[in-house]
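Asker: Using the sequences plus the hints, can you model the full thing?
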Amino acid sequence: MPSVRDIKRRIKSIQNIQQITKAMKMVSASKLRRTQAAAVNSRPYTEKLEEVLGRIVASAGEINHPMLVERPVKNAAIILITGDKGLAGGYNANVQKKALMEAHRLEEQGINVEFIAVGNKGRDYLRRRKKNMSMEISGINDVPTFAEAQRIAKLAVSNFLQGQYDRVLLVYQEFITTVQQRPVVKQLLPIPYAKGGEEKEYLYEPAPQEVLTILLPQYINNTVFHYLTEAKASEHGARMAAMTAATENAEEMLDYLTLSYNRSRQAAITREISEIVGGANALQG
Amino acid sequence: MAKVLSLEVVTPEKVVLKEETTSIVVPATEGYLGVLPNHAPLITGLQPGVILYRQGEERHALCISNGFMEVANNVATILVDTAEKPEEIDVQRAQAAKERAEQRLHERYPGIDVHRAELALNKALARIRAAEYNKHS
Chain Y
1 MPSVRDIKRR
11 IKSIQNIQQI
21 TKAMKMVSAS
31 KLRRTQAAAV
41 NSRPYTEKLE
51 EVLGRIVASA
61 GEINHPMLVE
71 RPVKNAAIIL
81 ITGDKGLAGG
91 YNANVQKKAL
101 MEAHRLEEQG
111 INVEFIAVGN
121 KGRDYLRRRK
131 KNMSMEISGI
141 NDVPTFAEAQ
151 RIAKLAVSNF
161 LQGQYDRVLL
171 VYQEFITTVQ
181 QRPVVKQLLP
191 IPYAKGGEEK
201 EYLYEPAPQE
211 VLTILLPQYI
221 NNTVFHYLTE
231 AKASEHGARM
241 AAMTAATENA
251 EEMLDYLTLS
261 YNRSRQAAIT
271 REISEIVGGA
281 NALQG
Chain X
286 MAKVLSLEVV
296 TPEKVVLKEE
306 TTSIVVPATE
316 GYLGVLPNHA
326 PLITGLQPGV
336 ILYRQGEERH
346 ALCISNGFME
356 VANNVATILV
366 DTAEKPEEID
376 VQRAQAAKER
386 AEQRLHERYP
396 GIDVHRAELA
406 LNKALARIRA
416 AEYNKHS
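Line order of the protein sequences matches chains Y and X. First residue of the first sequence? That's 1 in the working numbering, and the numbers climb one at a time after it. First residue of the second sequence? That's 286 in the working numbering, and the numbers climb one at a time after it.
Keep in mind that the hints are not guaranteed to be accurate.
[What the hints assert, rightly or not] In silico contact screen, one side only, chain X against chain Y (beta carbon under 7 Å); selected entries: (1) Ala325; (2) Leu327; (3) Thr362.
[As the list claims (entries may be wrong)] Away from chain Y, derived, C-beta distances all over 10 Å, residues of chain X: (4) Pro297; (5) Lys299; (6) Glu304; (7) Glu343; (8) Asn359; (9) Lys370; (10) Ile374; (11) Gln380; (12) Leu390; (13) Ala402.
[Said to hold, decoys possible] Quick partial rundown of chain Y residues pointing at chain X, CB under 8 Å, derived from the structure: (14) Ala38; (15) Ser42; (16) Pro44; (17) Lys48; (18) Val52; (19) Ile56; (20) Phe146; (21) Glu201; (22) Glu205; (23) Ile214; (24) Gln218.
The set of hints was computed from the structure by calculation and includes no laboratory data. Just so it is clear, CB atoms sit at the ideal spot from N, CA and C, and this is done for glycine as well.
Answerer: Have a look at this one:
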């Protein structure tokens, strides 16, 4: 049986751990709130952009912009979005597994796969598995900025247009609820587009094809921004859930340890009394 | 029909501006372009520059970067990467950026990205102009 002092020491250390997990939980909650607000603020832009894109595609007739056209796939790139830090439950592991599965699926079709790692965790994971990684980006802000998204998007677009990749996929954790995420694969390039929007006679300045040239890079930037923001929201959510669970577990452990602490303290007292009584009896006898 | 045109400036990070106006001038890719109420539906690309808009006798300016504008049903929606109100502009920083870009274009070292330098210069000039516009009016 561990001594009273040992138990006391464990209680102390678990209390410390609990303090840390509680603080992390609080921090993640506030970051989650900020990220969610950013996602909500970006919605009007996204909606409008999609609307206009649909309209141009619908009215421009034949589409032959290189960013829209599917071509035979020989090389593909997977952008893997993970966090820079752990302690977020299954957040990083699940999305990494998904990316690897997707890569495997493509490789079976004879397609070369290259990775672009966003976030330290994914980078380390891919490096350990000696995967072909052409680019790594880390230190994404807790609430992603548009400039960061632009950097990733620019990279993907220029390599795509130069023919280095024929398809660019993005793997990230989709935000479902605060405590629920799902790893998903989304196609970034060529742009999966939908014809839509009300038919309306628009004047184009310059011609529709050229407007498309301006619009599509913006669309990609925004899409990446959207996914990045969502991935970050998921990360904060996952970390919050993990830390809530950790705090609860610590609480449970503390209860148990306090009980056995009291028990062994009581046992020590009983023992001491019985020793004294035994000693007194011996003297009398 | 009402003689107003509502102007909405939206960036990925927020809705910057939502106002009723009487006229708008935007830096389109082919040059400055004026839009009045009841304009025909229009989609146009924008380059970094200054948007000018009037509310009756009041005039306002707004500095923008790349983007595009859609006009339909008396609503002008401007989608841009960044947009700044004159009072938010750091003139000194813009001035420094302008000088840097000018120097780069002037020296033309091999390997510099001329296109990028020009873009930077345009952005800096737009900022300075927007800030000055506010001072005069």
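Asker: The structure should be examined with respect to each hint, and the outcome stated for every one.
Answerer: Now for the hints, and whether the structure bears them out:
no., hint, verdict
1, Ala325, "holds (6 Å)"
2, Leu327, "holds (5 Å)"
3, Thr362, "holds (6 Å)"
4, Pro297, "violated (5 Å)"
5, Lys299, "violated (5 Å)"
6, Glu304, "holds (15 Å)"
7, Glu343, "holds (25 Å)"
8, Asn359, "holds (14 Å)"
9, Lys370, "holds (17 Å)"
10, Ile374, "holds (18 Å)"
11, Gln380, "holds (21 Å)"
12, Leu390, "holds (22 Å)"
13, Ala402, "holds (17 Å)"
14, Ala38, "holds (7 Å)"
15, Ser42, "holds (5 Å)"
16, Pro44, "holds (5 Å)"
17, Lys48, "holds (6 Å)"
18, Val52, "holds (5 Å)"
19, Ile56, "holds (7 Å)"
20, Phe146, "holds (5 Å)"
21, Glu201, "holds (6 Å)"
22, Glu205, "holds (4 Å)"
23, Ile214, "holds (4 Å)"
24, Gln218, "holds (7 Å)"
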